[in-house]
Amino acid sequence: MFRLDADKPVTLCDGITRRDFLHAGSLSAAALGFGLTLPQMLALEAKAEKPKQEMNCIFLFLLGAPSQMDTWDMKPDAPSEIRGPFKPIITNVAGIQISEIFPRMAKHADKYSIIRSAYHTQAAVHDIGHQMMQTGHLFSPGLEYPNFGSALQYLSKSSADVPAHVLMPRPIGPTGGNLPHGQTAGFLGKRYDPFVLNADPSSPEFHVQDLLPPDYIGAVRSERRKKLRDSVDNAVKVFEGSSEAALMDENFHQAFTMMSSPRAREAFDLSSEPKHIREKYGMNKFGQSCLLARRMVERGVRYVTINMFETVFNEITWDIHGSAPFTPIDAYKSLCGPWFDNGYSSLIEELTERGLYKNTIVVASGEFGRTPKINPAGGRDHWPACWSMIMGGGPIKGGQVVGSSDAIGGYPVDRPVSPQDFAATLYTALGVSLESTMPGPSGRPIPVCDYGSRPVTELLS
Amino acid sequence: MRGSALLFMMAICGLAPIAGVADIKILPGNISLHGRSDRQQIVIERFDAGRASRDVTRQAHSSVGNPAIVKIGTDGCLIPAGDGDTTLTATFGKQMATVRVHVDGIRGVQPVPGFKRDLLPVLTRAGCNAGACHGAAAGKGGLRLSLRGYDPDADYDVLCRQARGRRVTPGSPEQSLVLLKPLMEVPHGGGERLKAQSPETATVRAWIKGGAPAPKPAEPETLLLEVFPESAWMHPGDKQQLAIRAHYSDGSVRDVTRLVKFGVTDAAIATVSDSGNVSVSGRGECAVTVWYASKVTTARIVSPFPGAVPVQPTSTSTSLVDKLVNKKLQELNLPASPIASDNEFIRRVFLDTAGMLPTLSETKQFLADTSADKRAKLIDQLLVRPETVDYWAYRWSDLLLLNSKTIPAESLNSFYGFIRKSVQENKPWDTFVREILTATGSTLENGAAGFYVIHKDPFDLTETTTQAFMGLSMMCAHCHNHPLERWTQKDYYQMANLFARVRLKTGDKPGEVFVLTADRGDIPHPRLGTPLAPRALEQKPLNPEDTADRRLALANWITGAGNPAFARSIVNRIWKNYFARGLVEKEDDIRATNPPVNGELMDAVTGYFVTSGYDIRKLMRLILTSDAYQRSSIPVSAARQDERQYSHYFARRLPAEALLDGISQAVGIPSEFKDLPAGLHASQLKDSQTASYFLTAFGRPLREKTCACERQSEPNVAQALHLVNGDTINARLKAPGGVIDAIIKAKLNLPEAMDQLYLSALCRYPTPAERKTAEAILGNMNGSVSRIVLEDLSWSVLTSREFVFNH
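Chains as they are written, first to last, in the numbering used here: chain A, 1 to 461; chain B, 1001 to 1807.
If you're looking for bench data, these hints aren't it; they were derived computationally from the structure. None of the values given here were measured: they were computed from a predicted structure. Any given hint might turn out to be false.
Stretch by stretch, here's where chain B covers chain A in the computed footprint (C-beta under 8 Å, at least three residues) [unchecked claim]:
| no. | segment |
| --- | --- |
| 1 | 63-69 |
| 2 | 72-78 |
| 3 | 252-259 |
| 4 | 347-361 |
| 5 | 437-443 |
Where a beta carbon is used, it is the ideal one built from N, C-alpha and C, also for glycine.
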């Protein structure tokens, strides 16, 4: 109703978004022209609930699964085959220690909380952890749940000239289970899939390919081309039943919207960042993705997923089985640790400086933990029974440790947090009611959280 | 009038039961209980016109002739009470059913439960040995069991001999941890897994009390499972209880409903509880999978779509494909779309078979041809075209991972040559695979030997061979027992040992590698430290001392009749190419717990393929000549929701290579690939390393991992941006010497130019509306057309859905 240019009338209800108000505001002169008086406008505004601040989220997915004993749940008093090669360091919060591989992060412990009792009870398959940690659900055949970002986009009905939900640098590739990874919109339909960057932002030639037409195609020709194309698209009815064709329509719509939006182009323009800022984040694909995520959130993107790595094979990742094609444990100190420490610390520093941290939740987690005991190859294997994860920003209280694990990091001893509980926490922090449902297959309403999921209330202010 | 009356009759038959045809049955039909702990789940089912259609177990009135022999439990289980014979009678409305019930073994000493037949199934059902619990490679909480009980001897040892006998204490069964823990009488990380009063707990107790006997080789093996009802016709909101019986090698039969693991293939249609109660929530067909003791069976739940009964468009088709597709559509009440127009057909069949568009003159000729068999003739010509050979050589190069990162270019070319020649000769698929698996010698002389250069170690070979030729993923079992399937690490290493004696030697010529086999060498199992006898999955082990090439045995088994997954796997790949949805999805995930969407059809097409001598071309002809393939892509009413049963042709985005070649063809400007001859089509590329932004953006496979998932076929925003702004289309429109220049040279007017552009790209003439719009936008229909107008017209056609999709 407020959006004069919206495809469908927007009904006035509690779900009205801030953006709709802004939009209505900018068009109020036109609205008056259509017969709404100013007092009527104000009355309409008063009827709607006062909009809350929109929460954003940046999810740093630590693909491969970091070892809790070597990162945020050190066991310095355990035998050497448990405690591993790294030493704990103090942080700026008394009583909280983390691994020496994160020296910068240690200076910001007041800004985030550590959950040391994350666990799941399913098979120790990477893909299964990916699903649960990014959707809050275990998939069944024929029932793929939406990623948190897709659900947020659907439930908040946000529509803007920038994508609501961005995935970068690339989607998760093969990780052994050949199962879905929970990074798509699942049953919500592909129009809620994230915009996938599919490029390495640390590469010198990084840019979003083809964002602008060739320079000899001016506005007039561009318009003419579009009209001719519409005429072809409207000529035949063969695509009525095809969800893929509907998706292509949606893609073209989004492409045209982005092309005409300076804000969207700016969001992807890393070259306008000064060199010292870029270097602070780390000149690697993770660090530059973190910087890009900050630019995006500044320009209206609601949800960003960063895959720190893409596959667990033949790439250095958190998946430290110790032997090829996996990663040896030392790589935490030489690569994984520094990449994460610089990218993450710079991100929360800059979000704070720019006033964005109060409405941007930053999550960092892998798909499970690792075996307390170091294996004969000098690595650690998969262990879903216990791991550590990081949450901060938005309404999430910092400076805390939630839950704890036993003496060797094997099992939670208090406050166990399941992927379902984590999902409930994230949705609550994002302002999504846990009573919300989404239309599943054949329109069946499916709750955003599994029955019995409980948010970690001590994290929420 | 006659016609409509007939339709009306059909409507009645299909939808509502006719009075008198309905009856009820008690399932299973013959019941025999042995011993006090035996049970039988019963289902009282209403049948309409011979189809199970409603579970009335709770609504029906049931009684037994002699309650001293058997009682009915609240959960629909029969509980034996005394030896003898009696009857069970159920009445529901006016219908009645009776079955005989035999009970024996109640009096006297009860036999002690066996470890394998009785105890392990209880532990498995309770989840004790699941991958997430004690079945994990490292065990849990100090107790390590074999995954889902695959190794009974080891499990017995762990339970009865380790932990100082605290787990099982025959003297005081109630003090055994194996009972205390799952009953939560002492703290248990896994929570309560057994109920105190359940028959499962009774089984564990009786086993301990009976002296906790060890597994015996003589214990009967499970041979097969029966499910009741096998299929049921239901509607959203309905529920259906299933009953499962196992048949054993000693001839005994027993109810195992409480012990099996249930699953569904499509949770959008139905879900199933742990006790086998199915709830239907959507429409379509869904299989309930039943897993017990490594045996799998399925029950079919059919939930027809609402609306009128489908009337088949051309019931004259005698194709086995059409008979079975149509049968399924009728069962599901899905209307089939009419046959596609000639314009649609010629474009579709060219793109799906040869990855190319027909030329302007081919299209005109076909449209003008009035002979009745012109489609069949076109199919026959198309199947032997060189472009078709290119297209399928490319597909098999995807499957076999031809990628110069892993094989020298010279050997890659030679391997490609072998593949292309095989496609050209229409080499039987089993011969093709056998030649690859048993290849030896110089890779330059025997291209197939390149397979062993690309896949160098026995592990990679094991995983690739099973995935590529059987649609079976073995990777998990490399490091530990497969957490989701039945394959163990032992299976994996025995299989890998079949490849243990392959050796590579660098040849004299550039890029040459020799593949040889040694007569000794084995791969040790990592935990046992010693090699296991080489053995194909679930086959007899080979003699490790035998020096014959082990790969011969492997090839015999893979391609042999005893391995149905081999033919199914290739049939499914080809079916998926033409129908966009495999009979099994995902395309390369063939396993008993993932049954095909139309099992009868899969069996029939696979049977046809095997009988034909693994003839790929014949299989393609069977598919292409069917009505099912030739249907319009416009769904009829309710069939809009059908994405699995082939009621209409499922429109899909063109594969990267076909789209690029299609653009080149329609504009008349070929692609340029670095260091390769001009004019080469994308479908003629041999190596996935050939650089192309377009092919990468549209999801060509990288050929790094044997997985159909490597090819990305979904549209995305980056693709849309590239089509609109990128140089693939825009640079070609500006380039000299193509279709646009030809039109200018021929001085065509706007309608003529549109005819040519539309026919080349879309295989159809412009509609009057399109002509009108073009005229309104571009003006002047009679003079010759300017270059800029032609560029914009071409652009609008090449970026349209209709061009980017096959439909």
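Original post:
For the segment 437-443 of chain A, does the count of residues with a C-beta closer than 8 Å to a C-beta of chain B reach 3?
Top reply: Result for this restraint: holds, n = 3.
**OP:** Examine the segment 252-259 of chain A for residues whose CB is less than 8 Å from any CB of chain B, and state whether their number is three or more.
**Re:** holds (count 6)
Subject >> Verdict on chain B covering the segment 63-69 of chain A, criterion of 3 CB contacts below 8 Å >> reply: Check failed, 0 qualifying residues.
**OP:** Would you check chain B against the segment 347-361 of chain A, counting CB to CB pairs closer than 8 Å, and say if three or more residues qualify?
**Re:** violated (count 0)
Original post:
For the segment 72-78 of chain A, do three or more residues have a beta carbon lying closer than 8 Å to a beta carbon of chain B?
Top reply: violated (count 0)
Checked against the numbered hints listed earlier, the structure breaks hints 1, 2, 4; every other hint is satisfied.
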